[in-house]
Structures are given as structure tokens and as C-alpha cells.
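There are 4 protein chains.
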Amino acid sequence: MNDKRLRIGIIGAGRIGRVHAETLAFRLPEAEIASVADVNRAAATALAKRCGIPRVAESAEEIIGDKGIDAVLICSPTGTHAELIAQAAEAGKHIFCEKPIAFSLQAIDAALAAVNRAGVQLQIGFNRRFDSNFARVRKAVTSGEIGAPLLMHITSRDPAPPPIEYIRASGGIFLDMTIHDFDMARFLIGDEVEEVYTTAGARVDEAIGEAGDLDTAVVLLRFRNGVIGTIDNCRKAPYGYDQRVEILGSEGKIATENRYPNEAVVSTGKSVYNDLPLNFFMDRYTESFALELAAFTTCVREGKPTPVCGIDGRIPVAMALAARRSYDEHRPVKLTEVEA
Amino acid sequence: MNDKRLRIGIIGAGRIGRVHAETLAFRLPEAEIASVADVNRAAATALAKRCGIPRVAESAEEIIGDKGIDAVLICSPTGTHAELIAQAAEAGKHIFCEKPIAFSLQAIDAALAAVNRAGVQLQIGFNRRFDSNFARVRKAVTSGEIGAPLLMHITSRDPAPPPIEYIRASGGIFLDMTIHDFDMARFLIGDEVEEVYTTAGARVDEAIGEAGDLDTAVVLLRFRNGVIGTIDNCRKAPYGYDQRVEILGSEGKIATENRYPNEAVVSTGKSVYNDLPLNFFMDRYTESFALELAAFTTCVREGKPTPVCGIDGRIPVAMALAARRSYDEHRPVKLTEVEA
Amino acid sequence: MNDKRLRIGIIGAGRIGRVHAETLAFRLPEAEIASVADVNRAAATALAKRCGIPRVAESAEEIIGDKGIDAVLICSPTGTHAELIAQAAEAGKHIFCEKPIAFSLQAIDAALAAVNRAGVQLQIGFNRRFDSNFARVRKAVTSGEIGAPLLMHITSRDPAPPPIEYIRASGGIFLDMTIHDFDMARFLIGDEVEEVYTTAGARVDEAIGEAGDLDTAVVLLRFRNGVIGTIDNCRKAPYGYDQRVEILGSEGKIATENRYPNEAVVSTGKSVYNDLPLNFFMDRYTESFALELAAFTTCVREGKPTPVCGIDGRIPVAMALAARRSYDEHRPVKLTEVEA
Amino acid sequence: MNDKRLRIGIIGAGRIGRVHAETLAFRLPEAEIASVADVNRAAATALAKRCGIPRVAESAEEIIGDKGIDAVLICSPTGTHAELIAQAAEAGKHIFCEKPIAFSLQAIDAALAAVNRAGVQLQIGFNRRFDSNFARVRKAVTSGEIGAPLLMHITSRDPAPPPIEYIRASGGIFLDMTIHDFDMARFLIGDEVEEVYTTAGARVDEAIGEAGDLDTAVVLLRFRNGVIGTIDNCRKAPYGYDQRVEILGSEGKIATENRYPNEAVVSTGKSVYNDLPLNFFMDRYTESFALELAAFTTCVREGKPTPVCGIDGRIPVAMALAARRSYDEHRPVKLTEVEA
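Residue numbers (my numbering), protein chains in the order written: chain S, 115 to 454; chain G, 115 to 454; chain P, 115 to 454; chain U, 115 to 454.
Watch out, some of these pointers could steer you wrong.
Treat identical chains as interchangeable: a pair holds within one or across any two.
For lysine to aspartate or glutamate, the following DMTMM-like pairs were computed, each having C-alpha atoms within a straight-line distance of at most 25 Å [stated by the list, open to error]:
no.: 1; residue 1: Lys253; residue 2: Asp389
no.: 2; residue 1: Lys350; residue 2: Glu259
no.: 3; residue 1: Lys253; residue 2: Asp305
no.: 4; residue 1: Lys384; residue 2: Asp397
no.: 5; residue 1: Lys384; residue 2: Glu259
no.: 6; residue 1: Lys163; residue 2: Glu416
no.: 7; residue 1: Lys163; residue 2: Glu136
no.: 8; residue 1: Lys384; residue 2: Asp319
no.: 9; residue 1: Lys448; residue 2: Glu309
no.: 10; residue 1: Lys253; residue 2: Asp397
no.: 11; residue 1: Lys384; residue 2: Glu146
no.: 12; residue 1: Lys350; residue 2: Glu320
no.: 13; residue 1: Lys253; residue 2: Glu371
no.: 14; residue 1: Lys118; residue 2: Glu416
no.: 15; residue 1: Lys350; residue 2: Asp305
no.: 16; residue 1: Lys350; residue 2: Glu279
no.: 17; residue 1: Lys418; residue 2: Asp397
no.: 18; residue 1: Lys118; residue 2: Glu146
no.: 19; residue 1: Lys181; residue 2: Glu306
Since the hints were made in silico from the structure, they are not lab data.
Please put together the full structure from these sequences, using the hints given.
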């Protein structure tokens with residue numbers, strides 16, 4: 115497959131679908147978009163025009179059934195992911211799917227089984243692994259630069275809460291927001307979490323609490339290898355998107371700062387200041403979205419395993435379920451407890 | 115008392131006794147050292163010579179009984195604090211006592227009762243409140259600069275573990291090391307913790323584990339007002355003393371960095387680097403030690419309440435006992451549970 | 115012209131030609147590359163393949179004569195710029211030309227006269243104006259954020275000297291390297307320099323001195339409005355590309371730092387360090403190259419004046435000639451002295 | 115002399131006299147103040163009370179003639195320095211004198227000749243050499259950490275201009291303010307400047323210009339060893355005292371930042387900011403004032419040469435005279451030109 119471009123069909127022309135389409139159209143010569151579908155056909159048509167996509171399909175099924183397509187990007191709502199994965203796998207398509215695969219482990223397991231049977235490639239959209247900051251932290255761990263990890267802290271705060279309708283359909287903060295941090299925790303430490311303990315509240319917006327969700331949380335993680343981690347989440351950071359990590363190891367520490375639109379510092383009679391950090395995930399993680407698709411394209415074309423595979427999509431969901439149970443039952447919860 | 119210097123007797127000429135003696139001798143004209151005692155008489159004599167102290171007392175009791183002395187500094191081992199406080203209070207002396215007052219709440223309560231009966235002033239040596247970084251954080255909370263606090267993180271790591279003999283007599287990491295952070299948590303948020311949850315291990319030094327103690331810990335705090343906090347402790351930070359705090363509020367955040375011996379940055383063909391942060395608490399907190407004694411001196415001379423009083427010495431001990439019980443019983447523990 | 119893409123011919127498929135071709139091909143949907151030419155035909159062919167350019171022209175003249183082309187990008191060696199500008203203008207093409215236009219003011223004036231006569235648009239490739247750091251500094255000046263400028267410092271150092279053959283053809287450090295800083299000085303302050311004074315040497319590489327050039331220089335600038343500026347240049351900064359600016363105004367200062375590949379800081383027992391700043395102008399200024407072409411495309415399509423016009427290409431050359439004369443004659447030199 | 119304290123007489127109880135007196139009284143056990151004199155006797159009396167100085171002398175002459183005094187600190191106005199140095203030297207006193215020694219080289223030479231004849235020690239108050247930032251930079255140069263120096267920049271800006279009466283008596287900006295930077299330039303590079311070129315103006319305050327002085331200046335330095343340096347001075351930096359230095363060497367660079375009252379960073383919805391840097395030389399250089407007196411005390415007691423000797427007091431004055439002449443004559447001026 116090395117001589118020709120990877121032909122991709124995009125299912126879902128919403129926000130993340132557009133991000134991926136622009137990467138494929140303008141930054142990744144090794145791939146091309148063959149077709150796009152969305153239940154909102156106008157959105158699909160607009161995206162096709164913007165990115166020069168030759169075909170707007172009637173449905174996801176049409177894309178999955180298209181013989182000319184090598185791989186599908188699943189960017190539709192979470193509730194459809196597992197079933198689309200199964201269908202695409204059965205049709206022999208390689209699959210890139212946004213996170214999370216599903217809100218239940220049973221649904222995920224069914225999807226992964228289909229992928230296994232078909233022998234196709236699956237990559238989950240945990241883009242942050244491709245961010246230069248987090249990749250640098252991972253390198254510090256694997257290279258021994260900071261010795262054996264002892265303590266890890268992940269700070270992950272959104273600039274402002276999403277609309278309450280989004281919250282209601284989100285699966286809750288742990289499945290919607292923390293899930294990226296659960297992935298990051300496993301990725302950075304290179305080991306599995308065996309127990310979590312959650313303290314949380316709805317402090318930012320009462321409506322979130324009334325919807326049964328939380329907006330401010332600390333999840334404490336205990337890894338099998340003894341590392342202790344914390345994840346700090348808040349749906350509101352007035353200064354912008356706050357995405358940092360710190361690991362203390364036996365020989366040193368590594369810590370990342372946020373990313374800023376410029377490196378200018380102003381000093382006046384009142385304070386020494388700089389502009390706010392990048393405010394939105396699409397600005398902050400622009401490069402990582404491009405890099406994850408480049409990795410997917412390369413892996414599929416070269417027949418190599420993808421860097422974020424099915425099990426990487428499953429375990430963070432289990433962690434999210436355990437984190438919520440810990441909150442509900444006010445006690446530490448082992449990951450084994452959330453298995454069927 | 116405003117026209118004359120506060121006459122102070124120092125009980126204990128060890129490390130912290132020497133720090134305080136130098137402050138009184140060389141930096142605080144409003145006070146003078148009248149006498150010093152130590153069970154190691156040579157240490158007391160050396161300190162007297164260094165700081166121009168006119169008298170080396172035979173015992174703590176001699177100091178407490180000295181009519182010419184207004185106040186005592188208790189810098190002897192923790193096991194002696196409560197009893198010395200009670201004796202000094204009965205003798206009508208004002209008291210500055212190093213932390214912790216005692217390892218048990220009963221002993222503390224007895225000492226505080228004696229102070230109350232005598233109507234003398236008592237200040238506990240939680241010097242970090244006087245550090246310019248932590249004072250600035252407190253100001254951001256009280257002034258509303260960052261809105262209502264939601265999340266707090268305290269990082270508090272020693273450069274290297276103390277000798278194992280020290281560990282054995284220390285009362286354990288929570289009473290010896292975290293106790294400063296428990297005080298800091300209360301001070302910064304201005305509210306009380308109602309529940310703690312601890313995850314910890316002996317990861318730095320096996321001998322510490324064999325002694326029944328821990329060297330790496332995260333203590334999760336839940337305040338009455340809903341704030342969630344974490345304290346990150348480790349007995350070993352290879353890069354030096356690591357003392358930072360971060361608070362997220364509804365309107366912003368404040369975070370402090372470590373303090374460095376200089377502000378120079380070197381860029382070579384290999385990296386961009388600076389020298390290590392200050393490595394030891396006596397370098398890092400020099401100013402705060404001087405400021406706490408200045409505050410004590412002023413309060414006693416002017417008859418005002420001290421800024422860190424008896425109850426401020428008691429509550430962190432209760433928090434330490436709860437943190438240890440949480441670790442032992444692997445569950446969240448309410449502070450009310452450690453009361454008699 | 116708003117409905118169709120701007121059709122561009124590229125003259126020169128060297129390093130900077132490739133940068134611009136990739137921007138046009140992959141990042142700028144409003145433009146398309148119609149043709150490319152290079153005296154090294156293999157380079158042009160390779161670039162055409164990489165960027166999907168439909169035609170490899172035999173010569174610059176073929177591109178200039180192509181009726182289907184709206185605008186040309188002149189990325190050939192400096193010695194050809196002025197003549198190509200004149201030809202393209204006469205052919206009615208809009209022009210984007212790399213800096214400098216020429217090494218002599220006479221040649222520049224002839225080219226600009228042709229542009230004027232033809233009424234076409236001309237933009238000079240001073241890309242740094244589009245860098246987010248320098249744009250932020252300019253904004254601080256125009257907005258009054260730092261008051262009236264008093265002092266300005268530009269630091270502009272290459273990671274390593276170019277090959278000596280490059281140096282010999284470069285026109286000298288002031289026309290080749292400092293010329294960007296001369297443009298930046300005018301852009302940031304928004305006023306003209308009336309006098310320069312140069313102190314310089316060949317300290318990095320003896321061969322540069324033997325070639326009659328300099329590699330380490332400070333050029334002091336006196337603006338008409340009283341601002342005093344310095345430009346610090348060196349052909350070798352072992353830690354990477356060093357591109358900073360600082361302006362002190364009556365109400366404050368603004369200073370920019372370098373740009374780094376990540377925001378990670380590592381602390382070990384030896385030092386606190388981060389990775390080196392971006393090492394090469396193509397990494398450091400990636401975005402600014404894309405933004406300058408976007409601005410050119412927009413201005414030509416909408417018939418607006420370009421943001422960096424002919425006179426902006428002429429004055430930095432005059433400054434470079436004055437800077438060299440100052441060095442040669444060891445005295446301050448007015449810009450008026452280098453006029454014919 | 116090792117067994118007893120160095121007995122010091124202080125001439126001048128103004129601002130800097132008080133700084134030194136407090137150091138000697140409260141921070142330097144190896145020295146004691148025997149006597150203090152000031153033409154304003156009330157100032158001397160107040161200082162004696164504050165610092166426990168046993169005697170207020172009638173005059174400088176009384177101190178110089180006092181057999182019980184080992185060394186004098188000359189903190190009186192500049193116009194008196196040279197004559198007092200000569201008198202003190204003749205009386206066999208060791209001398210610590212504030213900068214500058216005098217406004218003319220002739221007066222300095224006479225004073226230094228007297229010191230030489232008497233064989234006493236003389237130290238000039240260039241305290242910044244003892245600042246931990248500048249000491250770190252010097253270490254980077256001497257250790258080879260950054261290779262051979264090529265370029266140096268000193269930024270030295272006051273928070274606000276002094277009263278116009280001070281300006282009138284100051285000897286001008288180069289003798290009053292830049293003189294510290296001239297010393298720093300020699301100290302950091304470890305070589306002599308052979309030529310200076312000045313561009314300057316009165317931009318901050320018209321009254322300064324009317325008084326014949328300047329308030330904004332860049333002095334370009336050419337060292338014998340080829341290093342090029344700049345000194346950036348302004349009498350007004352609205353954000354506080356701005357004291358930085360940067361050196362580029364063949365193997366790297368070192369740059370220092372300002373010093374801040376705390377290491378807290380606040381992020382709100384508007385900006386990311388910290389408090390202003392230390393605003394005044396007595397806060398910024400507190401430690402260096404103490405360290406220079408400690409060095410003087412040690413050198414005198416141990417009979418070693420002082421670290422900042424007579425010639426170090428003379429050369430910066432020559433540099434200041436050359437800098438002013440360069441401004442007046444609008445040309446580069448060699449230091450040899452200002453010699454008699």
C-alpha cells in the first residue's frame with residue numbers, strides 16, 4: 115500500500131471531524147479523503163467544499179460499504195462508536211475512532227472483539243500522547259532521565275464549562291473529561307492503575323450538580339508499581355485551558371507548563387505579565403491532532419500496530435467507572451471491581 | 115514593656131535553637147537573649163559565645179524560674195514541649211514553642227489548659243506562614259484576587275531523608291514533615307479540614323519502611339467549605355528542597371515557585387539551565403524564621419494575640435493522626451474520629 | 115478576483131522557495147501554484163512533485179510571460195531580484211520578493227520605479243513582522259501599553275555560521291543577516307533611523323574575517339524621534355537560534371523570549387534545565403512564513419496595499435550600507451550619507 | 115589582629131552610612147563600630163542609638179585621629195572622599211570608601227598615592243560584585259562554562275529619577291549611575307575597555323536636560339580583547355529597579371533576571387502576572403552590601419588584598435569621563451584620551 119495514498123472516509127462532520135479533515139486535506143500528503151457523511155448533511159457538504167472532498171455519502175453505512183475506502187475516521191457521537199467500529203471492522207476497514215469507545219465495558223468489549231476477528235487496525239483518538247510536552251515527559255520516564263517515577267500530578271482544567279445539554283449527554287466528567295487524563299496517566303507512567311479514590315463536587319455551576327454530574331474533582335491513583343498519582347480537574351479555569359503534568363522520580367522531576375500564544379512579557383508600574391495561555395483545545399493541541407493522524411496513516415500503510423490501540427480505549431473507561439463509583443461510595447475502589 | 119527589650123531565655127541549643135538565637139542576637143534589636151540552656155552544656159556554651167548571651171543556665175527549670183526573663187523559646191526535643199509549656203506558663207512566662215507541641219492530643223490539651231489558666235502568650239513555630247511566597251498566596255485568597263478557592267495543592271519535599279535514628283524518634287512523616295503542610299493548608303484556605311485520605315509508601319529508603327514509617331505520600335484533604343486539597347510529600351527530591359503551593363479559585367489561580375540562589379540562566383549547546391533551588395530549610399526559610407520571632411516579640415511587647423496560637427498547634431497534630439489512620443485503615447478518616 | 119484562487123508562479127526552488135511552495139500547496143486554499151522554475155531544473159521538478167505543481171517552467175521568463183499567472187514569488191539569488199522585479203512588473207504580475215531587493219540603492223530604485231509605473235503590488239519577504247512575538251511587541255507600542263519608546267534592543271544570532279561560500283556571496287553580514295533586524299527596528303518603533311554606529315569583528319570564524327566580512331556586531335541606532343536602539347548579531351549561538359527584542363517605554367517595557375520545542379523543565383541533582391530553543395529559522399518562523407503569504411494573497415486578491423512594500427525593502431539596505439561604512443570609517447554615519 | 119574585632123569608625127550617617135552601620139551592628143560579629151560622625155549631628159546620634167554605637171564623634175577628623183580605630187568607612191558626599199582617604203591613610207587607617215572616589219582623575223591619583231605611601235588597605239564600595247547574580251555570571255566567565263566572551267549587555271535602570279538637586283550635585287549620569295556598570299563591565303569580562311561610544315538624551319525629565327545632564331543612554335564599549343559591550347541606562351523604569359546582564363560566549367550564554375519579592379504567579383481572566391521586581395537598590399542589593407563589608411573585614415584582619423582596590427575605583431571614573439566626552443563630541447573616544 116506504500117505507493118498510493120491511504121483513502122479515508124470520515125463519519126461525522128462536527129467539530130473534531132472538521133479538525134481531522136483539515137489535517138488530511140492540507141497537511142498529510144500520504145492520505146486523502148474519499149468521502150464524508152453526517153446525519154446533518156449540510157455540515158458534511160460544507161466540509162466537503164472546504165476540504166475538496168469529492169463525495170458526500172448518504173450515511174455511515176455507505177462509507178463503510180465503499181470498496182474504494184481503506185480506513186474510516188469515526189467522529190460521530192459517542193453512542194454510535196462501538197457499533198460503527200464493529201461494522202467497519204466486519205467490512206475490513208481500518209479504524210480511527212474518537213474517545214471514548216463507549217460508556218460501558220460490555221459495549222467496548224463487543225467492538226474490540228469485532229476488530230480482533232477482522233484483523234484490522236484500530237486507533238483511539240487520545241491525541242495528547244502526541245503533544246510535544248507530554249511526549250517529552252514520557253521520554254524522561256523511559257530514558258531514565260528522572261529515575262524511577264514516584265509521584266505524578268496531572269492538571270487538566272477547561273477554560274469554561276460546556277452547555278448543560280452537552281453535560282447531560284457527556285457520560286459525566288470522568289468519561290468525558292478525565293478520560294484523557296486517565297489515558298495520560300497510563301501513557302506517562304507505563305503501568306496500570308489498580309485503585310482510585312475520588313473527592314469531587316459541583317462547585318462551578320449548580321446546574322451541573324443538578325444534572326447529577328461533577329465539575330471539580332481530584333482523583334487519586336495508585337499504580338501497581340507503587341506510583342501515586344493525582345488528577346486535578348475543573349470545568350472552569352478563568353485564565354484558559356490548563357494542561358500540565360509533573361512527575362517526581364528517584365533522580366529528578368519533570369514538569370510542563372502551559373503553551374502561550376507568544377513569549378512576550380510586559381512590565382508596567384502595576385505588574386509583570388504575559389498574555390493568557392492558549393484558551394481552547396484546538397489551539398493547544400493543533401499539532402497533536404495532526405501527528406496522531408500521521409501516525410495512524412503510517413501504521414496502516416506499513417502494516418504496523420497503531421500507537422493507541424483498542425485496550426488503550428478500554429482501560430480509561432474502566433478507570434472512569436471506578437472513579438465515579440469511588441465518589442458515590444466514598445471509598446477507594448479497585449479497577450477489578452468495575453469489571454462485569 | 116515598650117521601652118525595654120524583651121528578655122528571652124532559650125531552652126535548647128540545637129539546630130533550630132541556634133537559628134533563633136542568631137536572629138535575636140543580630141537581627142532583632144527589640145529583644146535580647148538573657149540565658150540559654152541545653153542538656154548538652156557544651157552546645158549551650160558555644161551558642162552563648164557565638165551570640166553574646168550573658169548566661170548559660172544549668173537547666174530549663176533555671177530559665178523558667180528566672181525573674182529577669184520575660185519569655186522562653188522552647189527548642190528542645192518534641193517529647194519535652196508540652197511539659198515545658200505548662201511549667202513556663204505557670205511561671206508566667208510568654209512562650210514560643212517549636213512544632214509539634216506533642217504527639218498526642220491529650221498532652222497538647224493539658225499544655226494549652228495551663229497556658230489558658232496563666233493568661234500568657236503562646237506562639238507555635240510554624241514559620242512558613244511568614245515566608246513571602248506563602249504570605250502572598252494567603253493575600254490572594256483573602257483579597258479575592260482569585261475568587262473563592264476550589265482546589266489547592268501543596269508540594270513539600272525534602273532534599274534527602276534524615277538519618278534513620280531521626281526517623282525513629284520523629285513521630286512519623288505526618289507528625290514530623292507533613293505537619294507544616296497541614297498548618298499551611300489551614301492558613302492558606304482559612305478554613306478547617308474535615309476529612310483526609312492518605313495514599314503512601316516507603317519508596318525512597320527501605321529502612322524507613324522497616325522502621326514503620328513512610329517516605330512518599332499524598333494526603334487528600336476535604337475542607338468544610340468544599341475546597342479539595344492535596345499534600346504531596348517525599349523525603350527525597352534530588353534537585354533540592356521543593357516547597358510550592360497552588361490554589362485554583364473561581365476567578366483565577368496563584369502558584370508559587372521555589373526560591374533560587376540566583377536568577378542566572380545559562381544556555382549552552384546542550385541545554386538551557388539554572389542552578390538548583392535552595393537546598394535546605396535554613397536557607398529557604400531564613401527570612402521567615404526572623405519574621406516569626408519579630409512577630410512574637412512585637413505581640414508580647416504590645417500585648418496583642420500571637421499570629422500562630424495554641425489551637426494552631428493542636429489541629430495539625432489531629433490532622434497528622436487522621437492521615438496516619440487513613441493509611442492504616444485504607445479509608446477516608448474524619449478529623450472527629452481522632453478526638454478522644 | 116475574489117471567487118478564484120490566486121495563481122502563482124515560483125521563481126527559485128531553493129530552501130526558501132520550498133518553504134513558500136509548501137505553504138501555498140498545503141496551507142493556503144486561496145492560492146495555487148501554477149508553475150515553478152529554477153536554473154537547477156531537478157530542484158524545480160522535485161518541488162513540483164512534492165507540492166503537486168502542474169508545470170515546471172523552462173525559465174523565470176517563461177513564468178513571467180505566462181498569461182495564466184497572477185503573481186510571482188521571487189526566491190532566486192539576490193543578484194537577480196531587481197531585474198526580475200522590473201520584468202515581472204512590466205508583465206503586469208504582482209510580486210512577492212525575498213529580501214534584500216539588491217545590494218545597491220540604484221538597483222533597488224530602478225526596480226521600484228518599474229513597479230510604480232506598472233501599478234502592480236510588491237511585497238518584500240520580511241516575514242518576522244508576522245511572527246506572533248514581534249507582532250505582540252509592535253502592538254504594545256502602538257496601543258500605548260508601554261508608553262513612548264525610549265530604548266530598544268534586538269538580539270539576533272544564528273546557531274552557526276553558514277558555509278564560507280555563502281558568506282562570500284552574501285553581501286556581508288549587514289545586508290544578509292542584520293537586514294532583518296533593520297526592518298524589525300523600523301517596524302517595531304514605527305519611525306526612521308537617522309544615524310548608525312557599528313562596532314564589530316570577526317570573532318567566530320577567521321575565514322569570515324579573511325573574506326572581508328564580520329561575524330559579531332553591535333549596531334547602535336539613533337531614531338529621528340529620539341529612540342536609541344541596539345542590534346546584537348552573532349553568526350554563532352551554540353544554544354540555537356536566538357531571536358529576541360526588548361523595548362523600554364515611558365510607562366513600561368516589553369521583552370520577548372525565544373521559542374522552545376516544548377514547555378518541559380527537568381530538575382535533577384545537577385541542574386534545572388529545559389531543551390534548547392528552536393534551532394533553525396524554518397522551525398522558529400514557520401508560522402510567519404505562512405502568514406506573510408496569506409497576507410500577500412489577501413492583499414492582491416482584494417486590491418489592498420501589501421503590509422511590507424517597496425520602500426520597506428529599500429530602507430534596510432540603506433541602513434546596512436551605513437552600518438558597514440560606520441565600521442569602515444570608525445564613526446557614526448547618517449543614513450543620508452549613503453544616498454547617491 | 116585575628117582575635118579581636120575590627121574597630122570601625124563611620125564617616126557619614128546618610129542613607130548608605132546607615133546601611134553599612136546596620137550590617138556591622140547586626141550581621142557581622144567580626145567587626146564593631148567604635149564611632150560615627152556626620153556634619154548633621156542629629157543623624158549621627160540617631161544612628162548611634164539605633165545601632166548601639168558607643169560614641170558620636172565631633173568630626174571626621176576626630177574619627178581619623180582616634181587611636182582605638184582600625185578602619186574608617188567613608189560614606190560622606192563624593193566631594194570629600196579623596197581628601198578623607200588621604201587623611202585616613204596618613205593616619206594609618208584602613209579605608210572603605212563609597213564610589214566614586216572623586217570626579218577627577220587628578221584627585222583620585224592624589225588619594226591613591228597617599229594610600230600607597232601609607233601601605234593601608236583600601237576598598238571601593240562597588241557592592242554589586244558581591245551580588246549572587248553577578249558573581250554567578252563572573253563565575254561562568256572564569257570557569258569557561260560559556261567559552262570566551264564575545265558580547266556583553268548590561269541593563270541598569272533606576273525606578274525613578276532622583277530629585278533635581280541630587281542630579282545637579284551628582285557629577286552627571288555617567289559618574290553617578292553608569293559608574294557601577296563600568297565597574298561591572300570590567301569585573302565580568304576581566305579585561306579593560308579601550309574605547310567607548312555614547313548615544314544619549316534627556317527623555318525622562320526635561321529638568322535633567324536643562325541641568326546639563328542625561329537620563330537615557332546607551333554606552334557602547336570596546337574591550338582590548340575584542341569583546342563588545344553595551345550599557346543601557348535609564349533614570350526611569352516604571353516597573354522597578356532593572357538590573358540585568360547577559361554575556362554571549364563562544365560556547366554559550368548566561369543571562370540574569372531581576373529579583374522579585376516572591377515567586378508567586380497569578381493567572382486571572384485577564385493576564386498571567388507576578389508582582390513587580392524589587393524596587394530599590396537597598397532591597398535589591400541588601401546581601402551584597404553585607405558581603406562587601408564582610409570581605410573588607412576579613413581582608414583587613416587577615417592582611418590580604420581587598421577585592422575592589424584603588425585602581426578599581428579609578429578606571430570607572432576614566433570610563434565615565436570618556437563616555438561623556440563621546441556624547442559631547444559625537445564620536446568614539448579612547449580611554450587614553452581622558453588621561454591628563
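Looking back at the numbered hints, which does the structure fail to meet, lowest number first?
Violated: hints 11, 17, 19.
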